[in-house]
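Assemble the whole structure, with the sequences as input and the hints as a guide.
Chains as they are written, first to last, in our numbering: chain A, 10 to 257; chain B, 44 to 307.
Hints may contain errors.
[What the hints assert, rightly or not] Calculated lysine to any residue pairs in the SDA-like style (CA-CA distance at most 25 Å, straight line):
#1 A:Lys-115 x A:Pro-165
#2 B:Lys-90 x B:Asn-188
#3 B:Lys-90 x A:Ala-120
#4 A:Lys-115 x B:Gly-160
#5 A:Lys-54 x B:Arg-191
[Stated by the list, open to error] Computed spacing ranges between beta-carbons, pair by pair:
#6 B:Ala-165 x A:Lys-142: 22 to 28 Å
#7 A:Gly-212 x B:Thr-66: 48 to 54 Å
#8 A:Arg-84 x B:Phe-115: 39 to 45 Å
#9 B:Thr-66 x A:Ser-35: 46 to 52 Å
#10 B:His-275 x A:Arg-236: 38 to 44 Å
#11 A:Arg-247 x B:Glu-47: 45 to 51 Å
#12 A:Gly-138 x B:Trp-249: 55 to 61 Å
#13 B:Val-293 x A:Ala-19: 34 to 40 Å
#14 B:Phe-89 x A:Gly-66: 48 to 54 Å
#15 B:Arg-61 x A:Asn-239: 36 to 42 Å
[Unchecked claim] Going by beta-carbon spacing under 7 Å, a handful of chain B positions derived as facing chain A:
#16 Ile-175
#17 Gln-178
#18 Met-185
Because the hints were derived from the structure by calculation, they are not lab data. These figures come from a predicted structure and were not determined experimentally. Even glycine gets a Cβ: it sits at the ideal position worked out from N, Cα and C.
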Amino acid sequence: MIRIENLHKAFGAQRVLQGVTLEVLSGEIMIVIGRSGGGKSVFLKHLLGLLQPDAGGIWVDGVDITSLRGRAMDRVRERYGVVFQGGALFDSMSVFDNVAFPLREKTDLSAEEIAARAEEKLTQVGLGGMGHKNPAEISGGMRKRVAIARALVTEPEIVFFDEPTTGLDPVLVNAIHHLILDLHRKFRFTAIMVSHEIPEIFGIAHRVAMLHEGVIVETGEPQAIQRSANPVVQQFIRGEIEGPIHAT
Amino acid sequence: MNREPVETLLRPVESLGRVSLDTLGSLGRFGRFLGEAVGWAFVPPFKVGNFLERVHFIGFRSLSVIILTGAFTGMVLGLQVFLTLSRFGSEAFLGPAVALSLIRELGPVLSALMVTGRAGSALTAEIGIMRITEQIDALTVMALNPMRYLIVPVIVAGVITFPLMTALFDVVGIFGGYLVGVRLLGLSEGTYFGEMQTFVDMADIWTGFWKSLSFGVIVTWVCAYKGYYSGHGAEGVSRATTHAVVLSSVLILVWDYFLGSVLP
Numbered sequence: 010m011i012r013i014e015n016l017h018k019a020f021g022a023q024r025v026l027q028g029v030t031l032e033v034l035s036g037e038i039m040i041v042i043g044r045s046g047g048g049k050s051v052f053l054k055h056l057l058g059l060l061q062p063d064a065g066g067i068w069v070d071g072v073d074i075t076s077l078r079g080r081a082m083d084r085v086r087e088r089y090g091v092v093f094q095g096g097a098l099f100d101s102m103s104v105f106d107n108v109a110f111p112l113r114e115k116t117d118l119s120a121e122e123i124a125a126r127a128e129e130k131l132t133q134v135g136l137g138g139m140g141h142k143n144p145a146e147i148s149g150g151m152r153k154r155v156a157i158a159r160a161l162v163t164e165p166e167i168v169f170f171d172e173p174t175t176g177l178d179p180v181l182v183n184a185i186h187h188l189i190l191d192l193h194r195k196f197r198f199t200a201i202m203v204s205h206e207i208p209e210i211f212g213i214a215h216r217v218a219m220l221h222e223g224v225i226v227e228t229g230e231p232q233a234i235q236r237s238a239n240p241v242v243q244q245f246i247r248g249e250i251e252g253p254i255h256a257t
Numbered sequence: 044m045n046r047e048p049v050e051t052l053l054r055p056v057e058s059l060g061r062v063s064l065d066t067l068g069s070l071g072r073f074g075r076f077l078g079e080a081v082g083w084a085f086v087p088p089f090k091v092g093n094f095l096e097r098v099h100f101i102g103f104r105s106l107s108v109i110i111l112t113g114a115f116t117g118m119v120l121g122l123q124v125f126l127t128l129s130r131f132g133s134e135a136f137l138g139p140a141v142a143l144s145l146i147r148e149l150g151p152v153l154s155a156l157m158v159t160g161r162a163g164s165a166l167t168a169e170i171g172i173m174r175i176t177e178q179i180d181a182l183t184v185m186a187l188n189p190m191r192y193l194i195v196p197v198i199v200a201g202v203i204t205f206p207l208m209t210a211l212f213d214v215v216g217i218f219g220g221y222l223v224g225v226r227l228l229g230l231s232e233g234t235y236f237g238e239m240q241t242f243v244d245m246a247d248i249w250t251g252f253w254k255s256l257s258f259g260v261i262v263t264w265v266c267a268y269k270g271y272y273s274g275h276g277a278e279g280v281s282r283a284t285t286h287a288v289v290l291s292s293v294l295i296l297v298w299d300y301f302l303g304s305v306l307p
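Below is the structure:
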């Protein structure tokens, strides 16, 4: 279980997180929604240990990771898989090498085993036989799939998705969401996804949390969020211009 | 009481304080960056593949520019020094004059400036792009230390390749001087090389070696640092690349003067 309590972060005078509190249960898909530039990625970077909070704590299975550094933090990260917003694939490597990379660097598996596992993951994301291509040669949707394959190749317990469908057409958005759902059924990882793909995310989330003005204003199952009486949540999921959220 | 005049007076002091603190912070981060890289350089497992890739990138791919600039530097030196020495009837000293200028000063400095322009700028841009496309974050969350994986191979490759590039620059330059002084202007071959052996000693070669080695550290350190901490977007990378080249070039010249005055 991941518990985030009263997380604060400011960059200069800009207060991005102002007391985020959230619990993510083991094995669930938690999707954090909120406005662009509203601090969702900053929140995610705290969970990954890429940013340190000004105040508050993050507990992963009872361990406060905000106090961990170096090798201790790396041991937590070894349980993680991360799909970055732009994929963050290594340009200097082929698709296959990108997927095989974490296995080569972090395990003692033989070259044959690594090749088999990387190819298996590529097949699971629908890219079997495409390993020889370079990231620059493939489409945006394929890059996201490769990033998912790379994040899952070490069979992590917790997978983070930072807007995995941004910039894709509606068909690809659904395809990626179904892929995530399929892989989750197979591997039962805990997923934390940051997204603003409304209403598509309601089809795959176990629970949804809305981040607004630096705090979580509502958490609940997709149906509960859709029926929420909170005007901020309602305005956001309906995409209305008028309401408490200012369209700036 | 009206506090406005006091605040107006204090504003420049406040700005000065902020700038001083920012500068000190940046210098600390800059020094710590090298310290961390040196520390990780001695911790196995060593990234031999990445190191060889960097040697190829910084060294092998700079060969043509080093040979070309070395040849023309030697030729210009051969011509100008010959014309100057001929005024005093001392053309016989052309060989040592060319060799000493190249080995002690021009070889290390010009080859370092050339490699900065060719490989240093590309290095900053490459690491900067890795930063803005989250590839460095990806390494971090895979529990792979980016310092060890990206930066250490670059700095070690700089330490190895810069002296080699300088040696090549010196040799090509000396033959450039030979081409002009001996083949074109008629100085005897024996005089050109013979006098060189008399006047150039090991201390001169060591001076050139220490200079090139330290330039290797300076250029890779500055260029890797600027890329690693580059700002956002294409503009951030572009600014980091410009800063890296300018700062490396200035530091090369400052450090050259410093070493030139302390080394024998």
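Quick rundown of the hints versus the structure:
1. Using a Cα cut-off of 25 Å, the hinted pair Lys-115 of chain A and Pro-165 of chain A holds, with the two alpha carbons roughly 12 Å apart.
2. For the given pair, Lys-90 of chain B sits about 12 Å from Asn-188 of chain B by alpha-carbon distance, which is consistent with the 25 Å threshold.
3. A distance of roughly 17 Å separates the Cα atoms of Lys-90 of chain B and Ala-120 of chain A; the hinted pair therefore holds under the 25 Å criterion.
4. Distance check on the hinted pair: Lys-115 of chain A and Gly-160 of chain B sit about 36 Å apart at the alpha-carbon level, beyond 25 Å; violated.
5. Among the hinted pairs, Lys-54 of chain A with Arg-191 of chain B is consistent with the structure: their alpha-carbon atoms are about 21 Å apart, no more than 25 Å.
6. For the pair Ala-165 of chain B and Lys-142 of chain A, the beta carbons lie near 24 Å from each other, so the given range of 22 to 28 Å is met.
7. Between Gly-212 of chain A and Thr-66 of chain B the C-beta distance comes to about 53 Å, which sits within the given range of 48 to 54 Å.
8. Between Arg-84 of chain A and Phe-115 of chain B the Cβ separation comes to about 56 Å, which falls outside the hinted range of 39 to 45 Å.
9. For the hinted restraint 46 to 52 Å between Thr-66 of chain B and Ser-35 of chain A, the CB-CB distance of approximately 47 Å keeps it satisfied.
10. The beta-carbon spacing between His-275 of chain B and Arg-236 of chain A, approximately 39 Å, falls within the hinted interval of 38 to 44 Å.
11. About 48 Å separates the C-beta atoms of Arg-247 of chain A and Glu-47 of chain B, a value consistent with the hinted range of 45 to 51 Å.
12. Gly-138 of chain A and Trp-249 of chain B have their C-beta atoms about 57 Å apart, which keeps the hinted 55 to 61 Å range intact.
13. Look at Val-293 of chain B against Ala-19 of chain A: about 35 Å separates their beta carbons, and that is inside 34 to 40 Å.
14. In this structure, Phe-89 of chain B and Gly-66 of chain A break the distance hint of 48 to 54 Å, their C-beta atoms being roughly 37 Å apart.
15. Taking 36 to 42 Å as the suggested C-beta distance range, the pair Arg-61 of chain B and Asn-239 of chain A conforms, at roughly 41 Å.
16. Hint status for Ile-175 of chain B relative to chain A: violated, with the closest Cβ pair at about 9 Å, above 7 Å.
17. Look at Gln-178 of chain B: its Cβ gets to within about 5 Å of chain A, closer than 7 Å, so that hint holds up.
18. For Met-185 of chain B, the shortest C-beta to C-beta distance to chain A is roughly 5 Å, which falls under 7 Å, so the interface hint holds.
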